[in-house]
Structure formats: C-alpha cells, structure tokens
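There are 2 protein chains.
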Amino acid sequence: MSLNDIRVVLVSPIYGGNVGSVCRAMKNMGLRHLAIAAPRGALDELEARKMALHAIEVFDNRKEYPSLAEAVADCGLVAGATARPGLYRSHSKSPREWAPHLIQAAKTAQVALVFGTETDGLSNDDLACCTQIIRIPSSPEYPSLNLAQAVLICCYELFLASGTFELPGELSPEASGAMREKMFELWREALLSVGFMKGDKADHMMMGLRRILSRGTLTEKDIRILIGMARQVRWAGRQIQPHSKPS
Amino acid sequence: MSLNDIRVVLVSPIYGGNVGSVCRAMKNMGLRHLAIAAPRGALDELEARKMALHAIEVFDNRKEYPSLAEAVADCGLVAGATARPGLYRSHSKSPREWAPHLIQAAKTAQVALVFGTETDGLSNDDLACCTQIIRIPSSPEYPSLNLAQAVLICCYELFLASGTFELPGELSPEASGAMREKMFELWREALLSVGFMKGDKADHMMMGLRRILSRGTLTEKDIRILIGMARQVRWAGRQIQPHSKPS
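Listed in order, the protein sequences are those of chains F and W. Sequential numbering from 1 applies to the first sequence in my numbering. Sequential numbering from 1001 applies to the second sequence in my numbering.
Think of the hints as simulated: they come from the structure by calculation, not from any bench. In this text, a Cβ means the ideal position worked out from N, Cα and C, and glycines have one as well.
Below 20 Å or equal to it, Euclidean Cα-Cα: the simulated DMTMM-like pairs (lysine to aspartate or glutamate) are: (1) Lys50(F) x Glu1047(W); (2) Lys1050(W) x Glu47(F); (3) Lys182(F) x Glu220(F); (4) Lys1050(W) x Glu141(F); (5) Lys1050(W) x Glu118(F); (6) Lys1201(W) x Glu1185(W); (7) Lys63(F) x Asp44(F); (8) Lys50(F) x Glu1141(W); (9) Lys1050(W) x Asp120(F); (10) Lys1093(W) x Glu166(F); (11) Lys1050(W) x Glu45(F).
Just so you have them, the derived chain W footprint on chain F, three or more residues with Cβ under 8 Å: (12) 28-42; (13) 138-146; (14) 152-164.
Please put together the full structure from these sequences, using the hints given.
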C-alpha cells in the first residue's frame, strides 16, 4: 500500500501539541511515517501524547534529521505546503490536484509532504528542496491554517485519491418496485379506512404520499416499517363503527 | 454569500482549545457562525484564544442554546457528523457528497453542521435532530478524528463546493510556441559552441532537452531565464580557441 509509505516532514515544529495532532491526523488518514527536520530541541511530549491519543506510535517512531535536505535526500518527489504567495511560490496546485500524482509517484519512489514551522511556514531555502508546491485552498480573510490542520487536508486528499476508502453503505438493500407498490396499496386502504380521504380523492392524495416517500432511498427495512404502520392504521380504521366515521 | 451563513453547532464540547481550533478552521474556510448546544459550563477561554488566534471573533460571537433541538430549531437542513457505525447511522454520505447539496440548500434555508462531544460524538437523541448524516472518510485503524479536524474537513468541502476559491495562479503567462522555439534554437547554438554535441548528433540531443523542458508549464519568465543562460553559454563557447575544444 503506497499511501502508507508517504512521509510527512515537519520543519522545526515548535509545539508538541501540534505534532501530536499531526500524528492523529496522519493515522486517521492511513499514514504513519513522520520525520522532523532541524528539530529545535525536545518537543513537549506530554502535550504531544495528549493530542496524538491512539496515534502515539506515529510520534514514538518519528525520525529526526539535522536538515530538511537530509530528511528528503532519498525522496523522488517532495511536495511543500505554503500559504504565502510570492516569488518561487507561484507554481502551486491544490492538494486535490496533486494527490493523484503523488499517489502514482509513491509506487516507484519515496514521496514526502513538507510543512514549515508554525510561525513562518516554509522558507525559500526549504522550498528549494521541494519538487512541487502545494497551496491549500482557504479564505483570503484568514488563509493560514494551523499546522496539524494543513497536514490533515493534504493527508485526507491522499487518502481519498488512494481509493482505499469506501463508505460502509446501507446494509439493507434498496426495496424493489413490487415492495413499494404493496406498501402504497396498504396505505391507500389504511387512509381510506380511517376516513383521511374518500374514493374520488384517493389517487390525488396517494400521489402526494408517493412524492414524499420517493425523494431518497427506500430500503427493504424502511418498507417493512411503513407496511407495519399501514396495517395497524387499517386495523384501527376497521374497528370504527360506520356511523361514527367523519363525513 | 451562502457559505457564510452555514452554522457550525458543537454539542457539549469539553475543551476550550478544541473550540478555539474549530473557530480557526471555520474562518480559514469562510464560515463564521458558531453555536454551542447544551454547554457544560464555562469553556477554557485562554485555551480557546490560544488556538483560535486571528479567528477569536468567531468564538466571541458564538451563540449558546440549552439543547441541540433549540440550536437548530430554525434550520431546514441539519447535517450531523458521526464516525460510529450502527443503527440510525447507515444512511451516511461523505462530506464531498453532501457539500453541493448543502450549499444549494443554504440559498433558501438555514443550514447547520452538527458535531458531538469529543469523547462520545453524537448520541442517537442528537441524530434524531439531524436531517442528514455525514461520515468523514478515515482509516479503519483509527477512524475517529479530533473535533476541530472533523469540522475542518466538512468546512473545507463546503468551501470548495461553494466555488469561491481560485488558486492565485501563475502571474507570468505561458510562453508561446515561437518563444519556446527561439529558446531551443539558442540552446542548440550554445551546446554546439561549447562542444557538448556535434552537428550529426544535435537533433537527437535537442530532442532530449525538449522532452525535459516540456514536462510542465513553461512561462514567459521561465523562457527569459533559459534564453539568458543559453546566450551566456554560447558566448563562453565562442571565446574558446578552436584548437582547445574537445574532439
């Protein structure tokens, strides 16, 4: 699984809590290799653990390198994230645009995602180590994302592009046309029996009910619930003495 | 701008830091209306401020409601995020699938995104207030995202679906075919002049160079740099005495 092998490189991160959040975001999206380039000294491990929670092994297995150049020396593709515009930063693409390319490249080469320090982002020297530039879409009113949030967006796009995720989906299958018709027939009888509608208006009222119940999916389980309700209503309608029914 | 009006509702959040991170994520993605349903008491404002940074006005302008039902009483569409599978949760779709639908609905109705408490997520009672269920794609090894991370992914998808973001793009226009040909012609002369290739191999070598320089965009600015290099190389080649050239 190539996604697994994509490396996240943080350049000189300041806050242990952020690094812990990065670990959780990575594991949430199926990544596990964390590298710290040019560390500032010891990170606050307590904060890191608090935010990493069940992804603490990503933190514990991190690798440290004296410089970014050393952290990506074996990488064929090095994608750096920057929110700042400017010289050297104009060839950027969004994470969604880069993701399929990075996933493809990861099949034959080491791939790194690089993120700068919390306060300043990537420097021009850092960008010189990058082969591609990522610009995360964000509002011009506040374009700069928290470090772990930036990592999350990039990992999320890689995770989706890797095609490994499928929504669990509905366990009960979609109801057949025959089941739906049986259900509507029971409701027609039920609504007639309680005097909600009379024979000549029934078709019109039933169209309204059909419209309401046909806007989304109707599973076999849904139909069984609706049939149960209709049967009980029909039963109740049949208990009523004819002379007591509303006109 | 409809995106602006979509409300983020947090049910009984515990950590001020998370709520601050939610505020930053919202403002990063162009949202601003935060509601807290069923608050547990005072949030840690210091932590909230530390994480919200320049989005602190989202925190300061938050509204509080005694219950989720009251927080979404005026909403036509209420989308709840849940990572847990189970009964009542099977009709989920991903944020990317829901986003265009929510953006569309926000043009005519109040729309809310609802997130549960950090420890437990949304309860079944909370889900009863929701008209749609969002399931954020995540790894089965660690499916549960941090609260602010979950909010970010949903807001990011809404932001992209709203179509308000455009990458700043390359300022220098793409070079014309004529500029590219002029550049390659200068490089041919330059490489011949320094003896890198001889007449009969020149076409072959130039094809290699064309391939290398045609893999991505080449802007007018790029071409000017490449032309400047070629001219200088050609000049250097012409300074060399004929007898000193490599054979």
